[in-house]
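The chain contents come next:
Number of protein chains: 2
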Amino acid sequence: MAITTLNIPIERAEVSKIEQVDFDNLSFGSVFTDHMLVCDYKDGQWEPPKIIPYQAISLEPSAKIFHYGQSIFEGMKAYKDSEGQVWLFRPLDNFKRLNISANRMAIPELPEEYFMEGLKTLVKLDAQWIPQKEGSSLYVRPFVFASGKGFHASPADEYKFLICLAPSGSYFSGKVKVLIEEKYSRAANGGVGYAKAGGNYAGQFYPTQLAIRKGYNQVIWTDDHAHEFIEEAGAMNIFVRIGDTLITAPTSDRILDGITRKSVLDIARDEGIPVEVRKISVSEVVEAAKNGSLKEMFGAGTAAVISPIAGFGFKEVDYELPEIEDSYASRLKKRITDIQFNRSEDKFGWRYKV
Amino acid sequence: MAITTLNIPIERAEVSKIEQVDFDNLSFGSVFTDHMLVCDYKDGQWEPPKIIPYQAISLEPSAKIFHYGQSIFEGMKAYKDSEGQVWLFRPLDNFKRLNISANRMAIPELPEEYFMEGLKTLVKLDAQWIPQKEGSSLYVRPFVFASGKGFHASPADEYKFLICLAPSGSYFSGKVKVLIEEKYSRAANGGVGYAKAGGNYAGQFYPTQLAIRKGYNQVIWTDDHAHEFIEEAGAMNIFVRIGDTLITAPTSDRILDGITRKSVLDIARDEGIPVEVRKISVSEVVEAAKNGSLKEMFGAGTAAVISPIAGFGFKEVDYELPEIEDSYASRLKKRITDIQFNRSEDKFGWRYKV
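Protein chains in written order, with this note's numbering: chain A, 1 to 354; chain B, 1 to 354.
Keep in mind that a hint or two might mislead.
If chains are identical, the list can't say which one is meant, so a pair holds when it fits in one copy or spans any two.
In silico DSBU-like pairs for lysine-lysine, Cα to Cα no more than 35 Å straight-line [to be verified]:
(1) Lys-183 - Lys-80
(2) Lys-17 - Lys-183
(3) Lys-77 - Lys-262
(4) Lys-290 - Lys-50
(5) Lys-279 - Lys-77
(6) Lys-214 - Lys-80
(7) Lys-290 - Lys-17
(8) Lys-133 - Lys-77
(9) Lys-183 - Lys-42
(10) Lys-183 - Lys-124
(11) Lys-279 - Lys-315
(12) Lys-333 - Lys-149
(13) Lys-149 - Lys-50
(14) Lys-175 - Lys-124
(15) Lys-17 - Lys-149
(16) Lys-124 - Lys-96
(17) Lys-149 - Lys-334
(18) Lys-50 - Lys-17
(19) Lys-295 - Lys-149
(20) Lys-183 - Lys-279
(21) Lys-347 - Lys-315
(22) Lys-315 - Lys-96
(23) Lys-175 - Lys-50
(24) Lys-133 - Lys-353
(25) Lys-315 - Lys-133
(26) Lys-175 - Lys-149
(27) Lys-124 - Lys-262
(28) Lys-149 - Lys-80
It is worth saying that the hints were derived from the structure and are not from the lab.
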C-alpha cells in the first residue's frame, strides 16, 4: 500500500447531528453525515480536496450542471466489522470507473490520490455513522458536476468533486418485480450508457414510473433496436439462472460495468457454478419461464447488493419465479457480504482497510 | 390576447450591472441581466413565480440535479424593433415543448400562466438589455431542474423553474464545418432525444471535442443502429438542398422538434421552394456532393438562427459546399429575422408582443 503523503485539511462540524438519526429506521440515501469532501477544478486543474461540515452548495444560475447535465457519480459502501474496523470494497475500481465516465462526459479526470485519500479520510472521520444493523450500511457517494458558467453548449471550465455519506437502509423493500421493456430505452449504441452519468438515470424515471403504476419495481432495459435482448436494470445488472447455468449480458457501450456484477461472476466461478457471459434474448427467458428451466433472476449492484427477482412482466403477461432452496442469489450474497464485512477470507483481495 | 390576471412580484436589483457590459463584443450566453424569474415546486404544486435580482442558487449536495440529471430547458430570443417595441417568437411553442420535455423526464408540468406571464414580465423589466447590434440578441433561457434531496434513483419531490436572460453575440463565429458521425450517437430509439433534457447535451461534448480537434465545429448525428441516416446537429436541426429541393429529416423520438426548423419549413413552402421531410441517408448526401447536386446545407435553431454549412467531413474525406447566389439559407434567414424584428408582415402569426 502506498504511503499517504496527502494531508487533507478538515474543518470539523461544531455539533454532530448523529443523535437526531433513527438508525433502526433508515431509508435509502436520505440522511447525511456531519462532513463532506469538496474539491474544485479551476484554471485547468483540480485543487487539493478539503473536508468541511456538510452544507449547501452555492452556484450561479448559468452553471452548466443545470443546463447540460454534465455530471457523473459513483456508489460505494463502507462496512464495519465486529471489531469495529472499517472497510471499503474495491474502491480503486470505483475510482477508475469514475474517470472512464469523466472521459465520456468531457469532465477532467481526477487524480487518484485526491479520490482515494479523500475517501479514506472522510469515511474515517464519520465512521461512527456506519450503521450496525443487518441490511443497513453507510452509502458513499462520490460525484462530479459542471459548476462553470455559461449557456454555450460546450464543456464547463469549472467542476466540483464531492463525496457525501448517507447511512442507509435497503434500496428495495420487499420482493422485486421487474418489467421487461418493449418501448422505451435506456441507452444508444455509441452513447453514454456505460458511463455513470446523471442523464442516464433521469431518462429512466418516466418509463419506471409507468412500470411502478403497473405493479413492478424496476424496468429491465432491452436493446433500443428491437427490444430483443436483456441489457441491465438501471440501478443494477441482471443475472439469469437457466437450469444450473448463471448468465449475464456482456458489458458494452450501453451497459454499466458493475463492480458487484464482476464480483458475482468471480465468486460464481470460484463456487464452481457454470457461468456464461453472453447476450440473453427476451424470448429465451420467457421460454425458460414457461418450461420451468428459469430457476432464478437477480439484480446486482452496490445499492441493491444482490436482489432476488420474484417475477417479471412481458407483453402484459406476468411470470413468477419459483422459490428455491440453495439459490445462487443467497449463496453469492452471503459470499460477497462476508468478504465486505470481514467475516471471511478475502481470496480476491477486494477488501480495503480504511 | 388573454387578459393578464397574474401579478408577478418584482424585487428590483439595487444597482444595475448594465454599464459594465460591452455590447459591441458580446459572446454567447456569458453575461446576464439584472433579474431572473424563480418558481418553486413544493408539496405537489408549483408556487407562484417571482422576479428577484440575478443571484446564486443554494442547493443541498444531495439535490437530484447533481446526481441524476433531471433537468430540461428552452431557448428563445427577445427582439427589439426600430420603434423600441419588444417581441418574442412563438413563445407558446417553447412552453408546450418544455412540458413535453417535462413529461419525458418525470418533471411536473408547468402552468402556462406562470411561464408566459413570467417570461413577459421579466423581458419587459430587463428590456434595456436587448442588444441593438445586428447579429446580437437577448437570449432567453427558461429551465427546470430537480432541487429535491436524496440519493434514491427516482424523481425528485422538489423542482426549481427559472428564467435567465443573456445579451449574446452569434453562436457560431465564422464558417461552420460539420463532421458526419460514424461512431458515437446522440439518442436511442425510445430514449430522450426529442426532449430538451440536460443529459442529451453533456453526452455530445466528448464526440464534439474530437470533431473540433479535427477542425470541425459541430457533429451531425446519425442513427445509432447503422449511422446511415442524418438526424440533427445537437444545437440545430439540419437542412440539405439537393438540386432545388430542400430536405430535412422528420422529427422522431430521437430528434428535437425545433421551432426554427418548423418555421423554416413553413416559410420555404410559402416561398414556393420544393420541400421534402423524409429520411436523408448519408450516402445520398455524399453522392450529391460528389456529383455537384448538393447546393447547400444549413443548420436551424434558436441560438444558431440559420447557419450555413461550408463543408462536411465523412470517413476522413472533406467535402466543400459551393458558394452560391440567392442561397435558400440567406433567403430564409432574411424572411425569418424580418418577422422576428418586426420588419415585415407576420402572415403566420408568430410574433408575440411583450
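Hints, one by one, checked against the model:
no., hint, result
1, Lys-183 - Lys-80, "neither (43 Å within a copy, 45 Å between copies)"
2, Lys-17 - Lys-183, "neither (45 Å within a copy, 50 Å between copies)"
3, Lys-77 - Lys-262, "within (16 Å within a copy, 50 Å between copies)"
4, Lys-290 - Lys-50, "neither (56 Å within a copy, 58 Å between copies)"
5, Lys-279 - Lys-77, "within (30 Å within a copy, 48 Å between copies)"
6, Lys-214 - Lys-80, "neither (38 Å within a copy, 51 Å between copies)"
7, Lys-290 - Lys-17, "neither (52 Å within a copy, 70 Å between copies)"
8, Lys-133 - Lys-77, "within (14 Å within a copy, 56 Å between copies)"
9, Lys-183 - Lys-42, "between (42 Å within a copy, 31 Å between copies)"
10, Lys-183 - Lys-124, "neither (45 Å within a copy, 44 Å between copies)"
11, Lys-279 - Lys-315, "both (20 Å within a copy, 30 Å between copies)"
12, Lys-333 - Lys-149, "between (45 Å within a copy, 30 Å between copies)"
13, Lys-149 - Lys-50, "both (23 Å within a copy, 23 Å between copies)"
14, Lys-175 - Lys-124, "within (34 Å within a copy, 55 Å between copies)"
15, Lys-17 - Lys-149, "both (33 Å within a copy, 17 Å between copies)"
16, Lys-124 - Lys-96, "within (22 Å within a copy, 50 Å between copies)"
17, Lys-149 - Lys-334, "between (47 Å within a copy, 32 Å between copies)"
18, Lys-50 - Lys-17, "both (20 Å within a copy, 34 Å between copies)"
19, Lys-295 - Lys-149, "neither (52 Å within a copy, 38 Å between copies)"
20, Lys-183 - Lys-279, "both (19 Å within a copy, 21 Å between copies)"
21, Lys-347 - Lys-315, "neither (43 Å within a copy, 48 Å between copies)"
22, Lys-315 - Lys-96, "between (39 Å within a copy, 32 Å between copies)"
23, Lys-175 - Lys-50, "neither (41 Å within a copy, 45 Å between copies)"
24, Lys-133 - Lys-353, "within (20 Å within a copy, 62 Å between copies)"
25, Lys-315 - Lys-133, "neither (40 Å within a copy, 58 Å between copies)"
26, Lys-175 - Lys-149, "between (44 Å within a copy, 25 Å between copies)"
27, Lys-124 - Lys-262, "within (27 Å within a copy, 58 Å between copies)"
28, Lys-149 - Lys-80, "between (41 Å within a copy, 26 Å between copies)"
In this structure, the hints that do not hold are numbers 1, 2, 4, 6, 7, 10, 19, 21, 23, 25, in rising order.
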